[in-house]
Structures are given as structure tokens and as C-alpha cells.
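Peer 1: Listed below, chain by chain, are the residues.
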Amino acid sequence: MSTGVLDMELELEAKHPPAAMPRYRDMPLTDRAVLEAPNMVSVEDLNLFYGSKQALHGINLEVRKNTVMALIGPSGCGKSTLLRCINRMNDLIDNVKIDGRIRVGESDIYAPDVDVIGLRMRMGMVFQKSNPFPKSIYENVAYGLRVQGVKNRAVLDEAVERSLISAGLWDEVKDRLNESGLGLSGGQQQRLCIARALAVKPEVLLMDEPCSALDPLATSRIEELIFELKRDFTIVIVTHNMQQAARVSDFTAFFWMGKLIEVGLTEKLFTNPRERMTEDYISGRFG
Amino acid sequence: MVWLSGAALALSLMMMLGLVGYIAVKGLGFFWPSPIVQVQTTEGLILGEISAQEKAHGSDPAKTQFRVCNRDLYGQDYRWVPSAEIQALQRPLDAVLIERLENGPFIGFIQENTGDKLSLRTVDGQTLEVPSGQVVRIIPSNALGVVGKSRVYASRLWEFVAGAPRESNTEGGVFPAIFGTVMMVLLMSIAVVPLGVLAALFLREYARQGWVIRALRIAVNNLAGVPSIVFGIFGLGFFIYTVGGTLDQIFFSQKLPTPTFGTGGILWASLTLALLTVPVVIVSTEEALASVPRSQREASLALGATKWQTIWKVVLPGALPGILTGLVLAMARGAGEVAPLMLTGVVKLAPSMPLDGSFPFLHLDRKFMHLGFHIYDVGFQSPNSEAAKPMVFMTTLLLLLIVLLLNLAALRLRSKLRARVGGSSF
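Each protein sequence line maps, in turn, to chains R and P.
In this text, residue positions in the first sequence follow my numbering: the first is 6, and each later residue adds one.
In this text, residue positions in the second sequence follow my numbering: the first is 851, and each later residue adds one.
If you're looking for bench data, these hints aren't it; they were derived computationally from the structure.
Owing to the predicted nature of the structure, the values given are computational and were not obtained by experimental measurement.
It is possible that some hints are incorrect.
With a straight-line cut-off of 27 Å between C-alpha atoms, the simulated DSS-like cross-links for lysine-lysine are [unchecked claim]:
hint : chain 1 : residue 1 : chain 2 : residue 2
1    : R       : Lys-134   : P       : Lys-1157
2    : P       : Lys-1163  : R       : Lys-206
3    : P       : Lys-1157  : R       : Lys-156
4    : P       : Lys-1239  : R       : Lys-134
5    : P       : Lys-1157  : R       : Lys-179
6    : P       : Lys-1266  : R       : Lys-206
7    : P       : Lys-1266  : R       : Lys-179
8    : P       : Lys-1163  : R       : Lys-156
Now the in silico label distances, taken between C-beta atoms and shown as ranges [stated by the list, open to error]:
hint : chain 1 : residue 1 : chain 2 : residue 2 : range
9    : R       : Asp-104   : P       : Leu-1263  : 43 to 53 Å
10   : P       : Thr-1156  : R       : Asp-176   : 47 to 57 Å
11   : R       : Asn-100   : P       : Ala-1074  : 31 to 41 Å
12   : R       : Val-101   : P       : Gln-1099  : 27 to 37 Å
13   : P       : Ala-860   : R       : Val-101   : 50 to 60 Å
14   : R       : Gly-81    : P       : Leu-867   : 48 to 58 Å
Positions of the beta carbon are idealized from the N, C-alpha and C atoms, including for glycine.
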């Protein structure tokens, strides 16, 4: 039974020799760029109610530009709900009431005059389960531009190629761009979804457990990708996998029962948490 | 339970196969030339095809029915003879069956063929002359081999499918009725798809789900159960008298009081049938819309697509196979309806087709013929329904075939689309 797992690890090791693995793990803690980066997303005193049930309690959180913020916590703690507040996807659910503020850049995205469609164009989102459209690979990536009214073939071609290269998928699919996106493997589909989100050049990339349905190999590809992408984008990632949070993020926020318990530099939060509850959770004592 | 449900399925399948088989046997056998027999009875010689036999019932003796034809001489096509009286049965090789344009077929012997007319003699000695122009075909049934009979069969079948009707529809072909049926179903599809899909879109995507929508949905489902004649009456009152009458007032006032659109026509019949079948399309479209995964809608919205863009580019393409399923069901239902058509534009014999070479080519105001109505008319309204019985079976078979073909075409389209769309489970 254990041979299967062992095989998989060996395979993983063969493709990614240990020397290469820590490449993004030993990021210097005192990277001044990270510490001094300006705020990209600021959540201020956010409360969210599903009907009469309160799902988020007074959240205050700041995500800095070109960093990765990991949201961790047990199921139902509100981390996905918070993520979906940032591009106002919760608007689609009836009976949701929100108070407090979320600022992206300088603008309050819950101000009454905000153009939600325009906001969502600035926010890329990658979902838990890969959800390519039943269209060709090309049309999947071009979708975001097409809904913006872009018809120029050259512009679309350029965006498709750039996005697929960024998502690390170009070499695998460049000869079959007209085939259905549903014909790709699970990991490729998820990278296709990432490319689709990147095509519109979003400012923030929101990832809702992007690796939870993937095998370890595909997961490590996505993690490498996240590390690459933060050069150009600000990333908020929800994850259940604490190793993943530790590997990919600069900052980590721990949620419990709709409350933000602790937020800080990832290295610090994982090695020396301030709160007892955080320590219990990351050491696997509950959750 | 497995056995019970299996048996129920088997029973319904058997009943359906039995029905279709019966119709096929009764109808398809009609064009095969039957032997012409000559018998001696107490009333004299009889020459004709044996068309039916009846066993003795109590005091009634066993009887045999002969199709003697020669309606102009005998007054009727058929004769019953007590089986016991039949003697000296033989099949004269020179006996012929002549199909004529008028008065039904003739059975007898050819005395002389001058080229422009035929001199004929019946078995009981009467003579008559028929101009050659009146003759459709001469069939010496007893002298023909299998090949010859097959030729006759093919020629009759072709006339039936591609020819125009004769003798108040009891002979000849049904082509105008085929054409009318197909055209009406196509027009109906053109009307019913946008109507049904838009209605379903509103119900499923835009309306706030609540008791009002639930009630509406129940009402739509119930609409499918309203007797079709009621739709016919509505079509007559609304489309023909109100809409058509108004159109006439505005555009065709110089022709009044002769109505143009204010009377039954293929357009009104198609629209009436579209109303009749729209619940089917609404229900299956709603199901198809619901089957498009939420994750795909979210992906589209998260990319900054508007609700309408999401519906147009993601939801509708995903739902297309299901929408086509609804269309197939609607077409099958629409092609088989007769009652509403009788009030909205079907006629026994249409002088011209709704599509022809004269401007503007598509004549939506014209009355048309329909296979379903043809069955009713030939079978139950014809002065000579006994002679027309096989025609009824053939027409029924043809109608079933057309419904099957329309369905197959839609199914093919659907499977093609599904291969392109992938996934969706309809």
C-alpha cells in the first residue's frame, strides 16, 4: 500500500530535485520589498451576514502589493466568504448583507457608485474545482477579453499566448489551441483557468483552494506558478493545506469561526505564532 | 420489481410495435397487385379481387367480398357473395385492372386499343370506351411475374408519395399533404423556439424565485394539458379574427370583404400549434438551463462578464442540447395534432401550395393540406371510405415516418452539438 505513495514521492523528487525545491522556500524573511510594499487590498471592519447568521465578524486585513496572502483555517471559518467579498461574488447570493469597507487600491468597492463588472475585470479568480468553459483552449483564455468587446485578432492572439506562457501551459497546448479545454488533464485545466484569469491583466488574483482537487505533481506546478506570478500580481489564496501556505505565501491569516485570529508574516506565524489557537491549529491539534 | 417494470416496458413496446406493424402491413400491402379471379355464382359471373372473407355467424352464411370495381357501371366497387355459391374459380390471364382518372379502377378485358381510346368489356358483357388520357396505368395482374408486380408497386408508391390527390383524395398521392405538414412543423419550430427559450430564460435566470414563479411554472405545465381543440378555438378567435382581421383592415382593405389574413392559413395554424407546444419547450429549456453548472456561470461573471453575456456565451450554448430535446418533443406533438388545424387553416384539398414559384414564393396566408387531417378526411368523410381504407393506412404510416424523420434530424443535430459542447447531460 505504501509503495504507491513512495513511488509518487520518488517521481516528484525525480522531476524536482531537492536542490530546486527550496528555491521559493528560503525567501529571506527580511525582504524589504515585501515589508514596505503598499497596500493593494484593505479590508476594514467587515461584517457579513447570511440572512440572520453572521459569517464574518469585524475583519481587518491588509494585502500588500505583489505579495501572496494565504487565508487558512478550518472549514466554514469564512475564509472563502472573505475571498468572494473582494470581487463581490457574494452579490450573487440572495440575503447577503455586508457592512464595513473593502478598498482595492484607493477605491471603496462597496461604494454605491461602483461598477461591479469593471471591478471583476480587475480581479482574477481561480476556483476550487477547475471550471473551463466547454469551448476551445483559445476561446477559454480569450473569453475575458471578448466580453470586454475586444475583436482584434492580433490583440487576442497576443493575450492568449502571453497568458498561457504565464500559466506555464503554452508549451503543452500551443499546437492544439482549437481543441476543447475539457480535453486537458485536471492540472492542465486548472492552469488553463489561471491563464483565463490572467488574460484580462487583473490587479489581484484570488485563488480559492486552487490545488485541492489536484495530485501532488500538479500541485507543485501550481505552487511554482504562484511564486512566479507574484512578481506581476497580488495574490490572495485560500488553502486547507498548511504546508502549501507555508511554501507559497508571504503573509498568512488564520481564521476561526468567522473571526480573524492572527495575521502576520508567514515565517513568523508558522514558527512563532502569537496566539495559542493558531499554534494548536497549525500543529494539527484541532481543525 | 425488476420483473414488473420490465414487463410493463415490454408490454408498451409490444403494443407500439403491434400498432406500427399493423398499419405497415395494411398499408404497404395495398400497392401490391392482387390476382384477379373470375367465379361463377348464381347471380352470374363475377370478376374481381378477393378483398375480404367472413366466417358464418349463426344464420348468416360465410361470405366473400369481391372488389369488382367499375363503379360507373355497377354503382359500387364491392360485392358480397355467399361463399357456398362460388364455383369455377379461375384466374383469366387476359383480365386487367385499369386505373382511371375518374370513376375508380376498371376490371375486365381489353377488346381493342386504338391508341387514343380503349374499348373495354366487363365480365358480364357490358362494354365501354375510355379515352387514353383517362388511363393512369393498365395492370394485367394475372400475367405479371414478381418483377412486373414490383414495378407496379414502385410506380404506385411513387405516385402516392409524389403525386397529387384524385377522386376526392381517395386515390392518387398525398404530396401536398406531406409538404403542408412539414412546412407547418418548420414554421411552428421557428415560432416556438424563441418564444419558449425566452420564457424559460425569464423563469429560470431573471425572475426572483418565489411563490409567483412557482405558480407560473405550474400554470405552464397545466397549459400542456389543455385540450388541443381549445387552442384551435383560441387561434381562430385571436389570430384569425383579431390579428388577421386587423391586418386585412390595414393592408388589404381593397380586397375586403374577401379576407386575406382574416381566414385560416398556414401562418395562423403554425402559430396556434406553437402556442400549443410552447410549454414543452419551456419545461425542457428550464431543465437544460438548470443543468449548466454554477461553476461555469461564476467563472464567467468573475471575468467581468455581464449577466446577459454569461447567459449568451456560456449558459445558452451549454443548454442547447436540452433545448433541442424540447424542440424534438414539440415537433413530434405538433406534427400529430389535427383538431386545432381544422379551425385554423387546414383544408381537404388546397388548390395551391404555401411555397411556390410565384412572388413572394412563401404564401403564409394560404390554406394547406395536412396528413393528419387527410387521414380523418379520407377515412371518415369520404363518400367511398371502403375503397379509401388502404389509403388511410398508408397516410398514417407516412405521417409516422415524417415524425420519425423530423425527430431523427433534430437528434442528429443535438448529438453533433453535444459533441461540441461536451458534458451537459441531456
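Peer 1: Given a hint of 27 to 37 Å, does the C-beta separation of R:Val-101 and P:Gln-1099 actually sit inside it?
Peer 2: 55 Å, violated
Peer 1: Compare the distance between the alpha carbons of R:Lys-134 and P:Lys-1157 with 27 Å, and conclude whether the hinted pair is satisfied.
Peer 2: 22 Å, holds
Peer 1: 50 to 60 Å was suggested as the range; check whether the CB atoms of P:Ala-860 and R:Val-101 agree with it.
Peer 2: Hint holds: Cβ distance 53 Å, inside 50 to 60 Å.
Peer 1: Sort out whether R:Lys-134 lies within 27 Å of P:Lys-1239, counting only the CA atoms.
Peer 2: 63 Å, violated
Peer 1: Quick check on a hinted range of 31 to 41 Å for R:Asn-100 and P:Ala-1074, using CB atoms only.
Peer 2: At roughly 33 Å between Cβ atoms, P:Ala-1074 and R:Asn-100 fall inside 31 to 41 Å, so the hint holds.
Peer 1: Check whether the Cα positions of P:Lys-1266 and R:Lys-206 lie no farther apart than 27 Å.
Peer 2: Since the Cα atoms of P:Lys-1266 and R:Lys-206 sit roughly 35 Å apart, the hinted pair is violated (cutoff 27 Å).
Peer 1: Is it true that R:Gly-81 and P:Leu-867 lie within 48 to 58 Å of each other by Cβ?
Peer 2: At roughly 56 Å between Cβ atoms, P:Leu-867 and R:Gly-81 fall inside 48 to 58 Å, so the hint holds.
Peer 1: Taking 27 Å as the top limit, are the C-alpha atoms of P:Lys-1266 and R:Lys-179 close enough?
Peer 2: With a Cα-Cα distance of about 26 Å, the restraint between P:Lys-1266 and R:Lys-179 holds, given a limit of 27 Å.
Peer 1: Within 27 Å, alpha carbon to alpha carbon, are P:Lys-1157 and R:Lys-156?
Peer 2: It holds: about 20 Å lies between the C-alpha atoms, which stays within 27 Å.
Peer 1: Hint check: P:Lys-1163 vs R:Lys-156, CA-CA at most 27 Å. Holds or violated?
Peer 2: 15 Å, holds
Peer 1: Is P:Lys-1163 within 27 Å of R:Lys-206, Cα to Cα?
Peer 2: Since the Cα atoms of P:Lys-1163 and R:Lys-206 sit roughly 21 Å apart, the hinted pair holds (cutoff 27 Å).
Peer 1: Regarding R:Asp-104 and P:Leu-1263, is the given constraint of 43 to 53 Å on their beta-carbon distance met?
Peer 2: 51 Å, holds
Hint violations for this structure: numbers 4, 5, 6, 10, 12, all remaining hints satisfied.
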